[in-house]
Amino acid sequence: MLSYFITRIAQAIVVVFAMSVIVFVGVFAIGNPIDVMIDPGATQAIREKLIAQYGLDQPLVVQYWTFLRNVFAGDLGTSMVYNIPVVDLVFSRFPATLELVAVSVLIAVGVGIPAGLWAGYRPDSFGAKLVMALSVLGFSVPTFWIGMLLIMGFAVELGWLPSGGRGDEATFLGVSSSLFTLDGWSHVIMPAINLSLFKMGLMIRLTRAGMVEAMGTDYVKFARAQGLPDRQIVFSHILRNISIPIVTVLGLELGSTLAFAVVTESVFNWPGVGKLIIDSILQLDRPVMVSYLIMVVILFVLINLVVDLVYARLDPRVRLKGGA
Amino acid sequence: MSAALEVKGLTTQFSTRKGAVTAVNDVSFSVQPGRILGLVGESGSGKSVTGFSIMGLIDEPGRIIGGQVMVQGADMRKMSTEEQRKMRGRAVSMVFQDPMMTLNPVLRVGDQMAMAVRVHDKVNKAAAWERAREALEIVGIPAPRERLQAYPHQLSGGMRQRVAIATALLHRPAVIIADEPTTALDVSIQGQILAEVRRLADDIGTAIVWVTHDLAVVSSLADDIAVMYAGRIVESGTAEQVIANPRHPYTRGLIDSVPGLHEPGQDLPQIPGSTPQLVNLPSGCPFRSRCPRATDICASFPHNTGTEAHSVLCHHPLEAT
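Sequences listed follow chains C and W, in order.
One point on numbering: in my numbering, the residue at position 214 of the first sequence is 214, and numbering is uninterrupted.
One point on numbering: in my numbering, the residue at position 186 of the second sequence is 186, and numbering is uninterrupted.
With the rest of the complex left out, here is chain C (with noise of 0.2 Å):
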């Protein structure tokens, strides 16, 4: 159990090295955020001061050398554009993108897992079939497509819901959110549905293959023999034996959601993570660009490790070793 947690620190350590080198050498090749920044008017000596001051005379290298002093000295740098520390920013914006993430999954997690144990005990039921065509529709159908039909329904036609931003914010247990108060949830429910189609859709497939799979098996036939009814078989038998793909999938899925929930949180003016990414790209504001995405391998990192401990907790027979 130990060795395998160094080795996975370990290469933790390489992946997050790694991806600073492509992403800074990506980043420098973009071009020159000073261009975007300055007023046009400024003189040359104007330009080539600043220039000097955010260090972008120096030849690459030396500038990923000082990048990296900086990192191991507790600094990420400093927003261009908002001339706040990095990291400031990044945690302003990320109770948001978590609260909308949060819901999202839940939707799809407490929406998809039913429908798919449903599709899969019963596959020739006309239910079954309906939910499998709404699944195909929740992960073709383009999300901000589908954003932007919710906003013409509930909130333009209909009025019921606001069409964007997020609501108000309350503190519980010290804790703020926009998840206390009502008009938080009147803000997150629309885009959190629209952020759960794609993975209800996956979760209903992924549920519904493994139960099909399962309904096959001796054990549930054994089961079956015993005289277990089968809601108890599907639940106390088959629900653990079909959880590790779902769970592999569901911590993927919550990474790049949290990471990449960019569409949404556009169509919807969410003040989330991924409108910020998008913003400092088209800002070419690089410290925000290069430390919001090392922060992202961290969480991927993360999150897989979550993912392998769930796993020895679901199948005895995974035991965490170090090296594979």
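Quick caveat, the hints were computed from the structure, so don't treat them as lab data.
Everything hinted at is true.
Straight-line Cα separation of at most 35 Å, DSBU-like style, residue types lysine-lysine; simulated pairs:
no. : chain 1 : residue 1 : chain 2 : residue 2
1   : W       : K18       : W       : K78
2   : W       : K8        : W       : K18
3   : W       : K8        : W       : K78
4   : C       : K129      : W       : K86
5   : W       : K122      : W       : K8
6   : W       : K18       : C       : K129
7   : W       : K78       : C       : K129
Ranges between beta-carbon positions, derived for each pair:
no. : chain 1 : residue 1 : chain 2 : residue 2 : range
8   : W       : D214      : C       : L106      : 50 to 56 Å
9   : W       : S220      : C       : P229      : 35 to 41 Å
10  : C       : F235      : W       : S156      : 27 to 33 Å
11  : W       : R17       : C       : V25       : 57 to 63 Å
12  : W       : T81       : C       : S256      : 41 to 47 Å
13  : W       : E137      : C       : T7        : 38 to 44 Å
14  : W       : D214      : C       : R313      : 40 to 46 Å
15  : W       : D186      : C       : I6        : 37 to 43 Å
Using N, Cα and C, we set each Cβ at its ideal position, and we do this for glycine too.
Knowing the structure of chain C, use the given hints to seat chain W on it.
Positioned in the frame of chain C, the structure of chain W alone reads:
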């Protein structure tokens, strides 16, 4: 004494694209408490489907279309789905072929067995585990308390099959259907399990239907033997009668092709041809195309030409001795 299990005219069909396939065709037999019936046949003879039909566990596209399954005098086929479920595990139970697959890999042995206890008896968890421990002890598992804590992959194949048998025995059912439970095991383990099963039948009085393709196994284990061919029982009688004095040419062929009953160095006799496709089974005796004794009359279906105790569906049975 009334039979623990009495099957009358059981018929099970599967609908396929090519038409209905009758996998089990008018099968009748009975098993007394404490006795073991060997249900013998090649792959595709319908022996396993017979077992599942008795349990009421035939899934679509299969359907039981006729017959009675009397367990201790009560007809399972007349019961509702829910009543049938309550019979399973309590009155009639089943053990499968592959012990690697029959236990749920992610649940502890004790949890699986306790679930099987509590589905029929309202006892608390501790009592259910205690019942499971006793059951493991009965089937000869050493250190049963530790085994209950184990996951299936931590047990050997023979051990797992004992766990499966113990699970089937939890409620002391009147009938156990054993679907080739020793086929996947080593010969030495197989012998041990057979001895245990014989002892359990004698001690507990459970009637056992032992489904197998292995005539050597049933000849040493079973009290009675029924031979299935193409969905029908073509010969049945006591084990001595059927083994020592087979009357159906098919049974004769099966016995002749068992190694060990012959002098070493000689070619093993085989039954020519292979089991017929059930989809378009020709009329008359299904064995006639492979039968050395077949004549024109075999184009009509044979009736029992043997006795009540030793029945045989053949126009030209071998001589009784």
